[in-house]
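S.K.: Letter by letter, the chains look like this.
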Amino acid sequence: MIPGYAGKFLEIDLSDGTFKDVTFDDELLKEYVGGRGLAAKILCDRLIDKWEELDPLGPENVLLFLPGPLTGFFPGGRICVSGKSPQSNGVVGSTVGGEFGVELRCAGYDGVIVTGQAEKPVYVFIKDSDVEIRDASRMWGKDGKETNTLLNKECRRLLSERYPRYGEWKEPAKLYIGPAGENKVRTAVVMAKWTHAAGYGGYGAVMGSKKLKAIAVKGTGPLPEVADLPRVRRMINAVNRNAYDNVLWRRWGTGGGGYSFGAKTSSEPIRNWQEEWHDEKGYGVDQFENRVWVKQAWSDFGCPTNCLKIAFVKSGKFKGAITDNPDYELQAYLGPNLGLFTPEENVFMSSLIDDLGLCGIQTGNVLGFAAELFQRGILSKDDLDGIELKWGDAEAFASLAKKIALREGVGDLLAEGTYRAALKIGKMKGKDVLKYAVQSKGIGIGAHGIRSGEDPYSTAIGYACSVQCGDHTSKTDLPIDGSGSEVWEVFNDSAVLCNFNGFGLLRNFKFDFYNAITGLSLTREDWAKGGGLKTLQIQRALLLLGGPDLKWNPKVDDDNPSRFYEPLPSGPYKGKAADRTSVRESVQEYYEEAGWDENGVPKSETLKKLGLGDIDKTLRKLRKKS
Amino acid sequence: MTAKKEPIWIARDLSKCSGCRKCEIACSLHHENRIWPEASRVRVFMLVPGADFPHLCAQCDDYPCVEACPFKALSVSKKTSAVLVNDAKCTGCGKCIEACPGRIPHMHPVDKKIVICDLCNGSPQCVKVCQEGGWNVLKTVTRREHPYGLYARKPEEQTRSLATKLYGEKAEEFI
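Order-wise, the sequence lines are chains A and B.
Going by the numbering used here, the first residue of the first sequence is number 1, and it counts up by one from there.
Going by the numbering used here, the first residue of the second sequence is number 1001, and it counts up by one from there.
What the hints contain is simulated information worked out from the structure, not anything from laboratory work.
Please note that a few of the clues may not be correct.
[To be verified] Partial pick of chain B residues on the chain A-facing surface, computed with a CB cut under 7 Å: (1) ILE1025; (2) MET1046; (3) GLY1050; (4) ILE1097; (5) HIS1106; (6) LYS1170; (7) PHE1174.
[Unchecked claim] Derived coverage of chain B by chain A (criterion: at least 3 residues anywhere in the stretch with Cβ under 8 Å from a Cβ of chain A; other residues may be distant): (8) 1028-1036; (9) 1133-1140.
Just so it is clear, the structure is predicted and the values come from calculations on it, not from any experiment.
C-beta atoms are modelled at their ideal positions from N, C-alpha and C, and glycine is treated no differently.
Whenever a hint applies, use it, and build me the whole structure from the sequences.
M.R.: In structure tokens, the structure reads:
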């Protein structure tokens, strides 16, 4: 067994209520590490033959909760959630912060694999090697905060009854869904700790389709044995010291972004990306800090940065709303993107989105899309069930968000996410509305625009060529082994670690950390040519296979949303836009570097060279078609 | 940090706790040479998100846990004032947990003996990491005449206080 691993995975079949331990070869773990890489490999091995027909929201989808060997050791706990995505029809490695991965590893598991579909709502309770599938009908329909409370109470009661001499039981770690997940809304998330979410991918809907309300885990063992503990301890201290020096990053987290990405870099979504610049000083980080942050430092396991802050509105129309920061993405998407420019409105919207179990980014994206259609007279008040969806009207957006989570009226249409909704509305209205859909291959673009060229977190082909599409945490760039490549994001999501604690560390640091834990000697170069690249190839293959409701045509879909080719209408970078010709050229160049043919399909020789010959067989039909 | 020569106490400012659990990591590394949250002598509870707090021995003046032990497994360190557990005598009966107003002691998950903060023989590791990170939730002070036992509160009770401080009357919905 490789040091740093617990040594087994838990596989649960919800259709018949059975579970068993499963293991993977050391060689496979060495290559794919854990989290996203391992998820891609497992999904490919099990499902590639039927991928095109496989409904992500059907019982055949395999839902994965995978930490990695660095989880719990590298400061700041995260876990990767994956499966066939109901957004892209490919695979997204969607990570979420919190203690779940740590508790799971302390319970002796390297991950949970969920198959099948329960007959009635259930949750899974794991206490070390004791696993139970329990009735969740009492929790079904409950919002995120209520679900968290109910789970804590029930699990702690069970633990006290079963182990009366243990003393007080700490809460188990939990991943759960809100009403949106239950209703299989494609922008539903897997949630933790009220405010944390695995957003991209739509795995809340997959949990809902399996009638799995939650998984709770309490592990009483230690984290797995590592190869070189003194070295791991030194490296933990190095991460801490690096973070402690970064004073304002610790103080503000990404909460400074809501103002800066508008005012400074002109790359923030405003009114569905019609603009990317604003200079609303009332939306400054100082305003969040002084008006709504009631706790300045909130963290996940072992985190020195505490980029999270607790926000609470104490008075006024939005009294009682609670969320974290909001972080930049939600500040943007549930703020300026909807024409909202006050901390209170933003906290209100974020709190509601948390409660409903929706993705703040994807839902902010589809709400903005709908509002632009309303602005242009394409969707009428009647189409929107009587909601006058005007920019800046937080309550109107809140009403619509609730309809989305419950799939009620027009909410049922928008619950399909921006891209699918655009196709349907286009048909309904006999108009091309895709040009207002700011997304890439089914996934709404993260809140980092490319038009000004000033945003440090976006690149011209970052969304177009990413195997996770609009996911701003998995962007890519040329060259494919360069510092902007997606292979490094794959490592973060496979190891599984929090990138926010990695800023400013030496480039080899994360690999050295991995080696100190596992006793192996993986280099950056090995990863870029091996596991990282193989994961990308698998994800690309499954993304292109797609189906069953949608398939991507790389010639059309490996692109930016058309909005990014419209010139910026305002701000210091007014007039700037992405250049279609140069983007196309870079996309082709990326294909070549990735070993894909001119249509973006991984070449036979590329796959064979990487030992992925079995995928090659399945991709032959795609090559014929193109 | 050098160990103090006189008895100490860990002063605690719970509402500042970020929930980072570096105290659990430091404690379990010190006592177990592993990262082992459930074996840590200080445990961070988060029954309500945001209302995270470290739960650790308050070294009450009257040490009810020591009194309650039927096997004389618990004693008070003259040097530090910490409660020390004699593993050879502890049967894990749980009487000390019942006697503690905060139900703070708990069972070591493997050894099945009670674990209680031993103040790291005068140089508490949890304090060190909390101070390094600037959270200052925990701070070592010289032990004087204060009602330290007030800090021995049950997790629910402590949570209610902290959640109310954060969320006002809204807190009742989550407790």
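S.K.: Each hint needs a verdict: does it hold in this structure or not?
M.R.: For each hint, the structure was consulted:
no.	hint	verdict
1	ILE1025	6 Å, holds
2	MET1046	6 Å, holds
3	GLY1050	4 Å, holds
4	ILE1097	5 Å, holds
5	HIS1106	3 Å, holds
6	LYS1170	5 Å, holds
7	PHE1174	5 Å, holds
8	1028-1036	holds (count 7)
9	1133-1140	holds (count 3)
Hint compliance for this structure: no hint is broken.
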